[in-house]
Each structure stands twice: as structure tokens, then as C-alpha cells.
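**Student:** Protein chains in written order, with our numbering: chain V, 44 to 287; chain Z, 810 to 878.
Since the hints were made in silico from the structure, they are not lab data.
One or more of the hints may lead you astray.
A few chain V residues that don't get close to chain Z, going by computed Cβ distances all over 10 Å [stated by the list, open to error]:
hint, residue
1, L71
2, V101
3, R118
4, T126
5, A162
6, A165
7, S169
8, V178
9, L183
10, T194
11, M216
12, S282
Label pairs and their computed distance ranges (CB to CB) [claimed, not checked]:
hint, chain 1, residue 1, chain 2, residue 2, range
13, Z, W843, V, L172, 21 to 31 Å
14, V, P208, Z, G861, 31 to 41 Å
15, V, W161, Z, W843, 18 to 28 Å
16, V, S274, Z, W843, 33 to 43 Å
Since this is a predicted model, take the numbers as computed values, not measurements.
Where is the CB? At the ideal position from N, CA and C, for every residue including glycine.
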Amino acid sequence: MRRSRIFGLVGIVWLALTLLALAHATRLALFVAPTEETMLDVQRIFYYHVPTSMLSLVFPYVNLVASIFYLAWRRSEPLRALTADAVAIAAAEVTVVYASISLVTGMLWGKAAWGIWWAWDARLTSMLLLWLLYVSYLMLRKLSSPGQTQTLAAALSVFAAIDVPIVFLSIRMWRGQHPAPVFGAGPDSGINPAMMPAFVWNVLGWVMWGVFLLAFRYALERRRQETEQESALKAIEDSLEIAQ
Amino acid sequence: MNDSYYFHRWIFLNANRDGPMQAHHLLAAYAAVWLIQGGYAAWVVYQWWCAGKLLRPALSLNSDSDEDL
Chain V
44 MRRSRIFGLV GIVWLALTLL ALAHATRLAL FVAPTEETML DVQRIFYYHV PTSMLSLVFP
104 YVNLVASIFY LAWRRSEPLR ALTADAVAIA AAEVTVVYAS ISLVTGMLWG KAAWGIWWAW
164 DARLTSMLLL WLLYVSYLML RKLSSPGQTQ TLAAALSVFA AIDVPIVFLS IRMWRGQHPA
224 PVFGAGPDSG INPAMMPAFV WNVLGWVMWG VFLLAFRYAL ERRRQETEQE SALKAIEDSL
284 EIAQ
Chain Z
810 MNDSYYFHRW IFLNANRDGP MQAHHLLAAY AAVWLIQGGY AAWVVYQWWC AGKLLRPALS
870 LNSDSDEDL
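Between the sequences and the hints, there should be enough to build the whole structure, so can you do that?
**Tutor:** This is the structure:
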């Protein structure tokens, strides 16, 4: 059996399991988890907002590692460097998707809970900056002239990743409108144990979905690279025929 | 006021804690998540299909590039 067919089958099974996990997670979040006393039903945004926000701080590191490998391999092993570049662009796009969700769900929750859509506090501002950095990364790749695009994008990725620890530490170092960390912030942190299954299933579901998107986008980029290589080879062959 | 005004107000503008808007903000947030994720996934599927159309003639010329396990 061809390798691409095996990957296709694994992808379909993975997608089916992911959608089942997400359906179960959504059911738990909306209908099974207890209603929070202060915010009532709007607190259920938590089950989507927190896992997607967590993942929007993980995928930039996938982009960073792939970009470092690209920079290391671009001269010595150009074919492997292309593989790393495909991972980097896939991770950057998935980062933008997850960061967009984090911002949108956060604003909707903020409007309901605080009465305002936005506050320029450290967490919200650093998260917006993260989103802007990865949108800039994608725009650079799309709009710059060919030749140095991948190298420039990889260098930008190294600087963009610096914002990730700032986003993570912002609610630990500075007090603002955004609440303190729910987990790992002392004896009073954490959630009601009855809320945990909904939270854990949502983390699992969104991780699986993120991995699926990353793999699918990577495969698309490899397919594009293959097409470009074929076109370049054909152009060389055509030019040789004309020369003869 | 037309229907779109009320729809917009229903989804976004009323943050009254005791009113029904609690559920509406929740609905908007969950819908936004699926809209963004689904929209991106649909875009990748479309690009995959477009890239496949470009790749097919090239592959037929080089059938030995298929990798058999």
C-alpha cells in the first residue's frame, strides 16, 4: 500500500476520533458541568477559552523549533530544510487560528462579565501582540519577493517566540483586568472538581484538533513544494529543448 | 428598528447579568470557535484540492516517484 494512502487513512481515523472527543467535550461543557455561582452560564466559555489559549502558546514553539532547523539546514541540507519550513508555516497558521479564538472568546466573555469588550492590561495586550506577530509572519511569507522569504520568516519567528513567555507570565507578574491563573497559583487556585471532566476533555479535543490541522497543513505545504519543484524542473527541461 | 438591529443587539450588546444575554454570549463564543476553526479547515481542504489539480499531470509523467512500502 502506498505511504500516502496509509497517511490518509490515519488522518481520517484521527479526525473521526477528534470530532467524537470534541462532541463529548462540548456536551460536558454545556450540559453536564455545574453552573458557576457568580457568572452563571457565561462561565462555560471557560471550557473553550482556556484550552485554545493554552494551545496558542504551544504552537509558536513548534514554529520556533522548525524555523531554527530551517536556518541550520538551509545550506547544508536544503531538502530537509524545506520539510522544516513546511512545519514552520503550518504551526504559524495554527497559532493564528488558536490566538484568534482566544481573543474573540475572551472579548465575548469580558463583555458579559466585566461590561467591557477590551482592557489594555498586560495579558490582553501581550496576547494581541502575539496574534499580530504571527499575522505579520504570514503576511511576510505571502507578500515578500521570492528568494529570501523563508530565511526572513524563520528569523522573524525567533523574535516572535519571545512574546510567548511574556504572555504566560503576564498574569503572574502584573495585576490587571484579566483574572489570576486558574491553575498553579497557590492553594486557592483551581476549579470545582465537578468541572474537571469538561475541562480535561476540552483540552484533549482541542489538542487533537490542533495536531490534525498542523499535520494537514503540513501535508498541503509539502504538496505545494512538490508542485513548485516539478514546475521548476519542467521549465529547465523546456529551456534545454529550446537551446537544442 | 429593523430585524438586524435586534439580532445584533441580541448577540452582542446586552450584558445584563440577570437577563437572557448570559446564554447569548455563550452561544456567540461557541459559534465563533466553530466558525473560525471550520473556516480555516475548509480553506485548507480547498487549497489541498487546488494543489492536487496542479500536481496530477506532473505525477503522471513521473510514475516512479510514487513510494511503495
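**Student:** Tell me, in ascending order, the numbers of any earlier hints that this structure violates.
**Tutor:** No numbers; nothing is violated.
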